[in-house]
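**Student:** Spelled out, the chains give:
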Amino acid sequence: MLIEQCAYSNRWRRVSPAAKGLFSACGIVAAFLASTPRTTIILAGMMTVITVLGAGVPLRRYLKVALPELLFLVVALATLAVSVGWNGHLQCRLAGRAELHHVALVCGRSLGSIATLLFFCLSTPMTDIISLLRSLRFPEVLLDIMTLGYRTVFVFQEVIHDTTTAQTARLGYATPRLAMRSLGILAANMTMQVWQRSTDLHQAALARNNDGPLKFLEGEFCHPVRSLCAAAIGGCMLIVLALVRI
Amino acid sequence: MTTQTDTPILELQEVSFRYPDGSVGLDSCSLSLDQGSRSAVLGANGAGKTTLFLHLNGILRPQSGTVRYCGGGLDYGRCGLHGLRSRIGLVFQNPDSQLFSASVREDVSFGPLNLGLKNNAVQERVHEALQSVGLLDHADKPVHNLSFGQKKRVCIAGVLAMRPEVLILDEPMAGLDVAMQAELDGILDKLHGEGMTIIIATHDIDFAYRWADSVTIMTKGQCAATWETQRIAESLVEFASYGLGIPRTAELHNCLVEAKLLSRGKSLPRSHCELLREIAAVK
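As you go down the protein sequences, you meet chains A and B in turn.
Its first residue numbered 90, the first sequence is counted upward by one per residue in the working numbering.
Its first residue numbered 529, the second sequence is counted upward by one per residue in the working numbering.
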């Protein structure tokens, strides 16, 4: 929900998703082209600043969203930098200087990519991303699954909330044994709901004359050409920065 | 909108339908709906109201009997159904079962795009439909952030954007608070004023009595009785025998007439407010 809130309330909500997508693609390319860890860190920092100051995503929310990814990155960094073995007794070995440089570069690139993806998903609602993929001629069946999947996430979230509240009100989670039983009932109930809702959605689609892929009107955005040009220039600058050895 | 004719716009003749599990959906159900009319369908849960509506939109096909649109039997071929569903709009009871996209504007555009309209025409229709349900300011909001009543209005806008001749609403007032009901009431009056034929399934007898031109009662898959609303007050005992209650305005008006406090005029009060005005006029 945090990502949702940011995506719908940020300053660049009405900027063309194509422009934001292009800029993000350039950001990821730049992160992979960067040849020193320092460059990747600078790129990640720049993307964070653009997201927080440019798109106006509150820093606290940004950090909350970024925290799980950063934790994964720290774990990955530790496993790359430290080797653990067993030779009669536990052995730990820190990677050598050259290896550490490589580890730092890999982690820096990951960090840059994470910051870029966070910029894209925190500034662009999912419906705009699907619309962008549609205009890029992605397979329609995948887009239909994405559209329905995204919509039903919220429907089922509500159903799960209502069901667990009703179960809790009748002491459904009072003991571990009852909790297991309630969870089982919830899963069974959800299975039936999924089946019922899919029938309902099919009927609703038929009622509105649908007999093929789901079609929706594409959103309108402010100055799409100007935004695209600005994104292309900004993206090129990121790539140039990545190629410069700092 | 088509011009007013004597031929019913929709007609069911002895229609029967059973679901695969053997439960009865419709049982020799006959019903006739006039063009430009406002009809209410009353019935207990499971009486067959939703099944009836699914037949009117061509989603379900009768196992026996005939459904007619403007005098002609329904064509269940691809083109026939396309034409039928572009003229008969169906709004489902649960908005979450009808809304596909997470964006209000996108969802409303779904029907018009299925009609094969160009983007400009679709944009115009989406704008018009959202305006008519008072949700233009919410066009770019995500559906999951709307209230239940607002979701219902998005559903209605999604059907209105197809500019149907007939609007079918399955329990539109269910789950709405008083203010939202009043808003929806206003929207329905406006649409009827524009010449649209409207059919509503409801449990609210007072609303049906106030709003509809005719009231049909369904029991066990059958259209058991149909009254012109003006005639209901004369047959309250029979109406009550279906166990759905009786319109309180009609009941109170009858009592006041019997007590000789009011006279039975040509036009009977259909709502609480109209009855109060009549009482005030006597004072």
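These are calculated hints, taken from the structure and not from any lab test.
Just so you know, these numbers come straight off a predicted model, no measurement behind them.
Just so you know, even glycine gets a beta-carbon here, dropped at the ideal spot from N, CA and C.
One thing to keep in mind: the hints can contain errors.
Claimed, not checked - Label pairs and their computed distance ranges (CB to CB):
| no. | chain 1 | residue 1 | chain 2 | residue 2 | range |
| --- | --- | --- | --- | --- | --- |
| 1 | B | E802 | A | L260 | 28 to 36 Å |
| 2 | B | A572 | A | I92 | 38 to 46 Å |
| 3 | A | T253 | B | E802 | 23 to 31 Å |
| 4 | B | G605 | A | Q285 | 40 to 48 Å |
| 5 | A | I274 | B | G605 | 52 to 60 Å |
| 6 | A | I274 | B | G644 | 41 to 49 Å |
**Student:** Hint by hint, note whether the structure agrees.
**Tutor:** Hints and how they fare:
In this structure the hint that B/E802 and A/L260 lie 28 to 36 Å apart at CB is violated, the actual value being about 50 Å. Hint check: B/A572 to A/I92, Cβ distance near 45 Å, so the stated range 38 to 46 Å holds. The hinted range of 23 to 31 Å is not satisfied by A/T253 and B/E802, whose Cβ atoms lie roughly 47 Å apart. For B/G605 paired with A/Q285, a C-beta distance near 29 Å fails the hint of 40 to 48 Å.
A hinted range of 52 to 60 Å is violated for the C-beta pair A/I274 and B/G605, which are about 45 Å apart. A hinted range of 41 to 49 Å holds for the C-beta pair A/I274 and B/G644, which are about 46 Å apart.
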